Each structure stands twice: as structure tokens, then as C-alpha cells.
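Protein chains: 2
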Amino acid sequence: MNKIEIGALNFSYPMPTLLVGSKVGGRPNFITVAFCTAVQMKPPVLAISLSKKRYTNAGIKENGTFSVCVPSTDLLGAADYCGIYSGKEVDKSDVFEIFYGKLETAPMIKNCPICIECKLTNVIDILAEDEIFLGDVVETYTEEQYLTNGVPDLLKVKPFILSVRDKRYLSLGENIGTSWEEGKKFK
Amino acid sequence: MNKIEIGALNFSYPMPTLLVGSKVGGRPNFITVAFCTAVQMKPPVLAISLSKKRYTNAGIKENGTFSVCVPSTDLLGAADYCGIYSGKEVDKSDVFEIFYGKLETAPMIKNCPICIECKLTNVIDILAEDEIFLGDVVETYTEEQYLTNGVPDLLKVKPFILSVRDKRYLSLGENIGTSWEEGKKFK
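Listed in order, the protein sequences are those of chains V and L. Note that numbering that gives the first Met the number 0 has the first sequence beginning at 0, numbered continuously upward. Note that numbering that gives the first Met the number 0 has the second sequence beginning at 0, numbered continuously upward.
None of these hints come from the bench; they were simulated from the model. Mixed in with the good hints there might be a few duds.
Cut-off 20 Å, straight-line C-alpha distance, at most; resulting in silico cross-link-like pairs (DMTMM-like, lysine to aspartate or glutamate) [unchecked claim]:
{"no.": "1", "chain 1": "L", "residue 1": "186", "chain 2": "V", "residue 2": "96"}
{"no.": "2", "chain 1": "V", "residue 1": "183", "chain 2": "L", "residue 2": "73"}
{"no.": "3", "chain 1": "L", "residue 1": "2", "chain 2": "V", "residue 2": "130"}
{"no.": "4", "chain 1": "V", "residue 1": "184", "chain 2": "L", "residue 2": "73"}
{"no.": "5", "chain 1": "V", "residue 1": "184", "chain 2": "L", "residue 2": "88"}
{"no.": "6", "chain 1": "V", "residue 1": "118", "chain 2": "L", "residue 2": "128"}
{"no.": "7", "chain 1": "V", "residue 1": "157", "chain 2": "L", "residue 2": "173"}
{"no.": "8", "chain 1": "L", "residue 1": "41", "chain 2": "V", "residue 2": "130"}
{"no.": "9", "chain 1": "V", "residue 1": "166", "chain 2": "L", "residue 2": "128"}
{"no.": "10", "chain 1": "V", "residue 1": "2", "chain 2": "L", "residue 2": "96"}
{"no.": "11", "chain 1": "V", "residue 1": "87", "chain 2": "V", "residue 2": "130"}
Away from chain V, derived, C-beta distances all over 12 Å, residues of chain L [unchecked claim]:
{"no.": "12", "residue": "26"}
{"no.": "13", "residue": "43"}
{"no.": "14", "residue": "60"}
{"no.": "15", "residue": "61"}
{"no.": "16", "residue": "62"}
{"no.": "17", "residue": "87"}
{"no.": "18", "residue": "144"}
On a predicted model such as this, the values are computed, not experimentally measured, just so you know. We put the CB at the ideal spot given by N, CA and C, even for glycine.
From just these sequences and the hints, can you work out the full model?
Shown next as C-alpha cells:
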């Protein structure tokens, strides 16, 4: 076998590039996040993980809300900006046009095709450097132009992937198969 | 504003298609998983979330190990198969050629470009339907052909994205920017 060991590494799989919105000290702030996943389908629960050093964490805890906004490739520069500079150093409240939804304290980005509003339910503090925030999804905001047959179409949303190890952003390609179908032909 | 509300939904962002390996009742088993994220960079910790009904869960708990294998597009049919059929119904031990690493009980897939071996550290049981497994990454296995400058190159690995709402698999596209650089030009 020609397998080689390259060490204990994360990130060798596709990770999303997302913008997490919160109000910190009363001011809207956004941080770029790749550590995010659904953890339950029904009812829908999202998890994000943030270093305990981040500016965002106190805001999420204070308000009990956060947003997860999906930028499209045309927001790549702004999304990268929000991942380089901390809200401790720069005021990111004017980077995007903002709107609020049902929870009123989770800022969302008008120019993001998808914005997911979450109510914080748990903070899991069992890691050395990071803490995990779980949120119930309360509402999803989008526009007709991003839907196909009533559901978000990622090829219209045009989100992008963070490839951490080689510091690249990758676009999505094309439809290569139907899930829960291809496997039926397999055996 | 032309935003519309489409309800409390997860999945409207790029999600990976991964194969989680475990030994269940002494037999290697693989389940297709999209609910996976890094939750800590250093030391590296991964989280996966699985419905409590899954066959895999008991095996992970019994052995205290699991693997996260990244299939490339040529394994799409097999990966979809492992997401349709439960190990309760079918024996998935012969779907792939298998190897074991340092932990000895986390089966990995020879044909997957990247295999990540994890030691279970926590099971977080605070959700209604799912439970979250945290694992310390112990080792990553790959091959020279998938590396560029010594790090995994996702454009060589060719992983794919699960788009749940419209039941599609999407390929990766191309390099569209340098992370931690594009943002410096932004402001």
C-alpha cells in the first residue's frame, strides 16, 4: 500500500466559507467561519465552533442569537476581510448592508443569498482552545432568484469552499449525480 | 428588500460527503456523513453528528475510535450506497478495500484519497434525534499523488459536496482566490 502518514491534521475535506453575524457591545459584527455543520435535521440545529479568543463569542452569549450567512463568490474579498481582522481591531458593522429578522439581535447580510437565523441553545466548553455553539434554526432568508423548484440551489447561490492547508478558496463545479439514487445502482 | 422566508431549514450551504468508518459487532462498517466539521485546529478535533438510530453509533462507542474518509468523485456510487442502506440491513464490510492504522479498530478505505483516524473523546447527548461525537485526530493517511507542496490538494482529491434540499452531488470547481490575502485588498 502506498499510503503515507502526514500527521494529525484537520481540514483535508471541503469546508464552507460562512459569515457568522452577532451583535457585540451593541454593534453588528461578522466573523468568517469554516467550522460549521448541521448537527440535526429535524428540528434543525446548527453547530459552529469558535476559538475562545474571538470577539464574537461574548456577543452570541449576551444576545443568545447568531446568524450564519452564506456569501457568494462576489463577496469573496469581504468574506476574507472578516476572517483576517478581529472586531477588537476594526469596526465591521459597515462592511455589509445589514438586516434583522425575527430574533432582532442577529445581524444578517443583505447581499448574502442565504441567511440563517439561529437561537443559541448550548455552549459546549470541553475543548482547550475552542467552544462549540449550538443554535436552533429559527428562519432562513433568501430571494426568489436563488431558488429552483422552491429550494435553495447552490449553483445559483455560488458559495465557496475554504481549502485551509493551501490557503485557497475553491468554487463549486457542477451537478455530478443524484443523492439517494446513485447508490441504488451500485449493488 | 426582496428577501423571502423559507422556514427553519438546515443545509443551505456546502456540506461535504464523507464516509465514517467504525467496527460494529467486530465488522467494518461505513456510513455516509455530511454533518462533520473541524471544531478545533490545534490540537485537531473533529465533530460528527449521527442520528441516535444509526447502526454506527454503538461501534464508535464500543471501540472508542472512528475514521473519516474523503471519497473522490469516482467513489460517488459507493458513497451514496453507504448512505442509503443501513449496516442493520446490509453487510458493508466488502464495499471497499480496507486498511487499519494506529488505532487498529477504525477501518479506513484504501481508495479514498484522504483518511482521518480519530480517537473518540466525547459523546454529546443533548439533541432530540442526534448525538455529536468528538474525536481527536490521531493520524491522516493519503498518497503522494494527492499532495501539492506537501499538503492535500482538494483539486487532486476531488471530493464532492452534498446539496441536500435538491438531492444533488456537486463537484468542486477551481481556485478563485487566496485566503488571508484577498481581504487585505478589500479595505
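Tested hints:
| no. | hint | verdict |
| --- | --- | --- |
| 1 | 186/L <-> 96/V | 16 Å, holds |
| 2 | 183/V <-> 73/L | 16 Å, holds |
| 3 | 2/L <-> 130/V | 32 Å, violated |
| 4 | 184/V <-> 73/L | 14 Å, holds |
| 5 | 184/V <-> 88/L | 17 Å, holds |
| 6 | 118/V <-> 128/L | 18 Å, holds |
| 7 | 157/V <-> 173/L | 12 Å, holds |
| 8 | 41/L <-> 130/V | 13 Å, holds |
| 9 | 166/V <-> 128/L | 36 Å, violated |
| 10 | 2/V <-> 96/L | 13 Å, holds |
| 11 | 87/V <-> 130/V | 19 Å, holds |
| 12 | 26 | 17 Å, holds |
| 13 | 43 | 4 Å, violated |
| 14 | 60 | 17 Å, holds |
| 15 | 61 | 21 Å, holds |
| 16 | 62 | 19 Å, holds |
| 17 | 87 | 16 Å, holds |
| 18 | 144 | 8 Å, violated |
Going down the numbered hints, you'll see the structure goes against 3, 9, 13 and 18, while the others check out.
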